[in-house]
Amino acid sequence: MATPAFDFVRMVTAFEALTWSQDARTGGRLPDAAPFLAAMSEVALLFDQLGTGFGFVRKDITSKVAILRSHLAAAPDTYRSLQTGVTAEAAAGTAAVTSPPSAARTLLRLLWATKFLAVLMAELGSAYTPGSTKTLRDAVGKAYGAALRPHHSWVVAKGVAAALLLLPSKEVFLTKVGVDLARREELLRRVDAVFGPLVEDCYAFYERHQLLGLP
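So the sequence shown is numbered by the UniProt record's numbering: it starts at 1 and just counts up by one.
If you anchor each label on the Cβ, the simulated ranges turn out as follows:
id : residue 1 : residue 2 : range
1  : Phe56     : Gly178    : 22 to 30 Å
2  : Thr129    : Val155    : 34 to 42 Å
3  : Val155    : Ala74     : 29 to 37 Å
4  : Glu207    : Gly145    : 14 to 22 Å
5  : Thr94     : Ser63     : 13 to 21 Å
6  : Asp77     : His151    : 25 to 33 Å
7  : Pro130    : Pro35     : 35 to 43 Å
8  : Gly27     : Ser99     : 27 to 35 Å
9  : Pro76     : Glu171    : 40 to 48 Å
10 : Ala92     : Thr62     : 22 to 30 Å
11 : Ser63     : Tyr128    : 29 to 37 Å
12 : Ala38     : Ala92     : 23 to 31 Å
13 : Gly93     : Pro130    : 51 to 59 Å
Result set (SDA-like, lysine to any residue): computed pairs, CA atoms no more than 25 Å apart in a straight line:
id : residue 1 : residue 2
14 : Lys176    : Ser126
15 : Lys142    : Pro197
16 : Lys59     : Asp32
17 : Lys59     : Ala34
18 : Lys170    : Ser126
19 : Lys115    : Ala5
20 : Lys115    : Arg10
Quick caveat, the hints were computed from the structure, so don't treat them as lab data.
The model shown is predicted, which means the values in this text are computed figures rather than measured ones.
Note that beta-carbon positions come from the ideal geometry of N, C-alpha and C, so glycine has one too.
Turn these sequences into a full structure, and let the hints steer you where they fit.
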C-alpha cells in the first residue's frame, strides 16, 4: 500500500481536532489517544519532506504510534485518555518498563517529535520577519537541537548535520509540503496556536509526575 502524501493543512486540522477528557490544570494534561495518534501519523509523513536523513524519525514515530494503538486496543477504558493511561502506569510503577514498552515511555518519544515541530514552525514564522536572514537549515537545526539532539547518539547527530546541508530554501520547502505561500502567515499562526499549548501541557504533566527522564 502506497504511503499517503503529506498535506500541511490536513496535519494542522488533525491537531486542531484534539480532545481532552481531563480538565486543564497547572500541572499540565495529556490529550485523548485516538485523535492524538491520528495527528502524529500526519507528523510522521512530514519528516519524509526533510529528506532521507530524517527517515529514521519517521520510522520511530510510526512504530510508537503503533505501540500506543496496541495499548488502546488492549485496554480502551484505561488508555482512551493518554492522561488516564500514563497516570495508571505511574501509580503502578510500570511507567519505565521497556519490554513491552509502557505507554508513558512511548508517548514521551512522540512528545520529542511534537516539540521539534513546534520549534520548527515557530522558527519558520520568525524567518519571515522583516530583516531576517534565517534559512530552513537554521530553523531545522534549532528545532533538532532543542527537541531531538539531547536523545540521540553522536553518530546520529552527525548524520542529521549532513542532512541539514541538503535542505532546500524555506519557500521551496513550504510549497513542497502544501503551504500556499499566500496563506503562509495564517497557517503558521494556526500551527503556533495549537502546538504551543500542546507541548507546554504535555511537558508540564510529565515534569509533575517526574517522567521526563524515562529510559
